[in-house]
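There are 2 protein chains.
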Amino acid sequence: MRLPFIDTADKAHRRRKINHTAEVEGKPIVFTTLVNMEVLKVIREGCRGMLLDMFGTFVHPLEEELGIKSNHRIGRFSDVSKSKEYHDRIEAINFSLVHDDGQSNRDLDSAEVILVGVSRSGKTPTSLYLAMQHGLKAANYPLIPEDFERQRLPAALLPHRKKIFGLSIQPERLSEIRNERRPNSRYASLDNCRMEVSEGEAMMRRSGIRWLSTTTKSIEEIATTILQEIRPERLIY
Amino acid sequence: MRLPFIDTADKAHRRRKINHTAEVEGKPIVFTTLVNMEVLKVIREGCRGMLLDMFGTFVHPLEEELGIKSNHRIGRFSDVSKSKEYHDRIEAINFSLVHDDGQSNRDLDSAEVILVGVSRSGKTPTSLYLAMQHGLKAANYPLIPEDFERQRLPAALLPHRKKIFGLSIQPERLSEIRNERRPNSRYASLDNCRMEVSEGEAMMRRSGIRWLSTTTKSIEEIATTILQEIRPERLIY
Numbered sequence: 107m108r109l110p111f112i113d114t115a116d117k118a119h120r121r122r123k124i125n126h127t128a129e130v131e132g133k134p135i136v137f138t139t140l141v142n143m144e145v146l147k148v149i150r151e152g153c154r155g156m157l158l159d160m161f162g163t164f165v166h167p168l169e170e171e172l173g174i175k176s177n178h179r180i181g182r183f184s185d186v187s188k189s190k191e192y193h194d195r196i197e198a199i200n201f202s203l204v205h206d207d208g209q210s211n212r213d214l215d216s217a218e219v220i221l222v223g224v225s226r227s228g229k230t231p232t233s234l235y236l237a238m239q240h241g242l243k244a245a246n247y248p249l250i251p252e253d254f255e256r257q258r259l260p261a262a263l264l265p266h267r268k269k270i271f272g273l274s275i276q277p278e279r280l281s282e283i284r285n286e287r288r289p290n291s292r293y294a295s296l297d298n299c300r301m302e303v304s305e306g307e308a309m310m311r312r313s314g315i316r317w318l319s320t321t322t323k324s325i326e327e328i329a330t331t332i333l334q335e336i337r338p339e340r341l342i343y
Numbered sequence: 107m108r109l110p111f112i113d114t115a116d117k118a119h120r121r122r123k124i125n126h127t128a129e130v131e132g133k134p135i136v137f138t139t140l141v142n143m144e145v146l147k148v149i150r151e152g153c154r155g156m157l158l159d160m161f162g163t164f165v166h167p168l169e170e171e172l173g174i175k176s177n178h179r180i181g182r183f184s185d186v187s188k189s190k191e192y193h194d195r196i197e198a199i200n201f202s203l204v205h206d207d208g209q210s211n212r213d214l215d216s217a218e219v220i221l222v223g224v225s226r227s228g229k230t231p232t233s234l235y236l237a238m239q240h241g242l243k244a245a246n247y248p249l250i251p252e253d254f255e256r257q258r259l260p261a262a263l264l265p266h267r268k269k270i271f272g273l274s275i276q277p278e279r280l281s282e283i284r285n286e287r288r289p290n291s292r293y294a295s296l297d298n299c300r301m302e303v304s305e306g307e308a309m310m311r312r313s314g315i316r317w318l319s320t321t322t323k324s325i326e327e328i329a330t331t332i333l334q335e336i337r338p339e340r341l342i343y
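If you read the sequences in order, they're chains A and B. Position in the first sequence (first residue = 1) + 106 = my numbering. Position in the second sequence (first residue = 1) + 106 = my numbering.
The following block holds chain A by itself, in its conformation from the complex:
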């Protein structure tokens, strides 16, 4: 159960829900991120759940260590929406959308990361995650059979090698994913997936591009690895 926007002592009386749950279903575990101490006090008083204070637990030792008091202000997420960082993050999301799947070569200079890989290797969700979570302008570019024939990276990418990171995937898993999209197509066949993955990896090796296999990795892990490898200068979050 989520109880968001508890920002006044008045609204804190919604802790009734906690005690009601305690009565009906057993003692609930309550995770709180409240920062206003008066509001927290209301929740705490007579609370029949186990209360875990995700912020306060660390704010108090930090106050002592740093020798300054937290102002315990609520609504920092609203402040964020007026900041340059937030503006840049929205810009990054828009950039990544416009530069999804090689849709645009314009402005690749301002990309901070360019992902390459065969179709359905995980480029799109990873690009959007890098933009949303880390405020990075992340373009992505598919490697297609024409590239394999030419045995060269798409020409538009050549000046940007330092920002390129490759995604690969096990052919068996790729075939499964593609079959959901286009069942029984040549595109989804295991043979074709094997060929594309092998050609894609050979090209990345030849071009000196760092890459990883996304087969058993979550977006979060893929993004963390990319940040470690590419080390973009600007990193908001």
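In short, the hints are calculated from the structure, not lab data. Quantities reported herein were computed from a predicted structural model and do not represent experimental measurements. Hints may contain errors.
No distinction is drawn between identical chains; accordingly, a pair holds when it is met within one copy or between any pair of copies.
[Unchecked claim] Straight-line C-alpha distance at most 27 Å; calculated DSS-like pairs for lysine-lysine:
1. K147 x K268
2. K269 x K123
3. K147 x K269
4. K117 x K147
5. K188 x K175
6. K175 x K269
7. K133 x K269
8. K175 x K147
9. K133 x K175
10. K123 x K268
11. K190 x K147
12. K123 x K188
13. K188 x K133
14. K190 x K117
15. K133 x K268
16. K147 x K188
Got chain A; can you put chain B on it based on the hints?
Below, chain B alone, put in the same frame as chain A:
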């Protein structure tokens, strides 16, 4: 400084970086999410930073409360990538991309949220956030001058009123945002923005659609409000 993937006692010797920082720049504050106790022990021993244990601090009381031991397993993010929830989340991201900006009317039945609002009111980042963070299939649909002339919601949306949520914005802020895109255009002019916002809000009121103003809100707050109002049946995160 980020030190990811510290998953063996061996790699934990990277805590040298912590002590080096302590020497050169002063005592650092170290936030850790390590769950393997052996690895944590290596970091803790002789650590000259202030160590805040974001997981362990809560895991221990939870173990006591629940009367069970955490298995302290690392790599849960990798497990996630094999789960149905993860698969659904990737599907949600793809759905939201395909249904961005009214691009497709197909399959609106399976949308869990449909956002409407004038161009640049915040629909796209909010849809992608709902998909990425909460695994929701979120479509979005622009309200355009043609809709205002007809004084009706786009026909494709009429069967889905319960899932619709509106975003509005102050005309002054909207004009700023649009001017970055298309400077000095009629589209970005304050007069036109005033007209569109006023017509948009009138239409939402008339159609009984819940809505909020995004002017001073972050994506996180907008998404939380939408979840509160729409209460989708399926909510992964």
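Here's how the hints hold up against the structure:
For the identical chains of this complex, K147 and K268 are neighbours neither inside a copy (53 Å) nor across copies (37 Å), given an alpha-carbon limit of 27 Å. For the identical chains of this complex, K269 and K123 are inter-copy neighbours only, at 26 Å across copies versus 50 Å inside a copy, given an alpha-carbon limit of 27 Å. For a Cα distance limit of 27 Å, the shortest separation of K147 from K269 qualifies neither inside one copy, at 50 Å, nor across copies, at 37 Å. For the identical chains of this complex, K117 and K147 are intra-copy neighbours only, at 12 Å inside a copy versus 42 Å across copies, given an alpha-carbon limit of 27 Å.
Taking the shortest Cα distances, K188 and K175 sit within 27 Å of each other inside one copy (24 Å), while across copies they are farther apart (44 Å). In this assembly of identical chains, K175 and K269 lie within 27 Å of each other by CA distance neither inside one copy nor across copies; the values are 41 Å within and 44 Å between. In the homo-oligomer, the alpha carbons of K133 and K269 never lie at most 27 Å apart, since the shortest distance is 51 Å inside one protomer and 34 Å across protomers. Taking the closest pair of Cα atoms, K175 and K147 come within 27 Å of each other only inside a single copy of the chain (18 Å); across copies the shortest separation is 30 Å, beyond that limit.
Taking CA atoms no more than 27 Å apart as the test, K133 paired with K175 passes between copies only; the shortest distance there is 18 Å, against 33 Å inside one copy. In this assembly of identical chains, the alpha carbons of K123 and K268 lie at most 27 Å apart only when taken from different copies (26 Å versus 54 Å within one copy). In this assembly of identical chains, the alpha carbons of K190 and K147 never lie at most 27 Å apart, being 34 Å within a copy and 39 Å across copies at closest. Taking the shortest alpha-carbon separations for K123 and K188, neither the intra-copy value of 34 Å nor the inter-copy value of 35 Å comes in at or below 27 Å.
Within a single copy, K188 and K133 get their C-alpha atoms no closer than 40 Å, and across copies no closer than 32 Å, so neither meets the 27 Å cut-off. Proximity of K190 to K117 under the C-alpha cut-off of 27 Å is found in neither arrangement, the shortest distances being 32 Å within a copy and 36 Å between copies. In this assembly of identical chains, K133 and K268 lie within 27 Å of each other by CA distance neither inside one copy nor across copies; the values are 54 Å within and 34 Å between. Taking CA atoms no more than 27 Å apart as the test, K147 paired with K188 passes in neither setting, with 30 Å inside one copy and 41 Å between copies.
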